[in-house]
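Quick mapping for you: the protein sequence lines, in order, are chains A and B.
The first sequence lines up with residues 175 to 332 when you count with the working numbering.
The second sequence lines up with residues 99 to 272 when you count with the working numbering.
Don't read these hints as lab results, they were simulated from the structure.
We treat Cβ as the ideally placed atom computed from N, Cα and C, and that holds for glycine.
Sample of chain A residues at the chain B side, in silico, Cβ under 7 Å: (1) L223; (2) V224; (3) L237; (4) D240; (5) R265; (6) Y266; (7) G267; (8) F269.
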Amino acid sequence: MKRTITLALLLILPLCGWAAKETKDVDLKSNNPAIEARLHVLAKELRCLVCQNQTLADSEAELAIDLRNEIRALLEKGLTDEQVVDYLVQRYGDFVRFRPPVNEMTFLLWFGPLLLVVLGSGLLIFYLKRLPSRANNAPLSDAEHKRLDKLLSEAKED
Amino acid sequence: MLRYLIPLGIFALLVVFLARGLYLDPHQVPSPLIGKPAPDFVLPQVQDATQQIARKDLLGKVTLLNVWASWCVACRQEHPLLVELARTGAVNIYGLNYKDKREDALRWLDQLGNPYLVSAFDETGKVGIDYGVYGVPETYVIDRQGIIRYKLIGPLTEENLRDKILPLVKELQG
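Kindly produce the complete structure, drawing on both the sequences and the hints.
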């Protein structure tokens, strides 16, 4: 009996933690559907810094919820989408954007693959151009002609 | 000879890049606020809700602004170091109590010691957002003019205090 009660209490224990969590942050949805729609688009372009590989739209981290609510408030105030992104970049840096902007820091990131393609095709062309010079294009000598004829007639006989 | 050297060279380069990648912590996102004025704030104090603490109160001296919360495990880990640092009086330490409950915060200070001159009570985390806080604990080094000089993400340790933060504080004080 004692055991059953202990077990029951242990089973209830996690629920207490869950209940405490419920009282914490929640998304305060806006009454204006246009704002919710804009938030939805924006949040997909922004990174949750707690979970890093999730967008603000996907994340349930407390900071992500806070930031979504903050973005709602900014949109209600009449800020444009760019201004909202700038607001977050000023605080969290370019890392907060899922699509990094093109600047001197991210130049290699954006154009590195292109550079590799150019470099690779350059090398390939250089290599291919050298190939014909290695092959022997000189006309066949008399001895070679004879050998070739012999080989061809042998092949016919088979 | 060259046909062996080229792949070997490419391999060595790859090793260098991958080894570097192993030691980069993706959670250490460089703050865009370094070298910029610390964001303005006016908040109630943790220990006295009727009193306020503002950015202007931090000016004039080199300060550490330590973001902490009673629910934060790593804060508990770094706390003894902060208490010790406060005892030496090497630098002014202010706290930013982030998304906490006042009673929990008070109990924490009571039980573990209070290294802070004042802790600001940021219940909603709004000031935290202005400071780009995303992983408590975080510690900012702010100079006399109120410019953020350094930001540590994660707990203070003896190493980063000795090697980075205290030398920087001394330099800024000098």
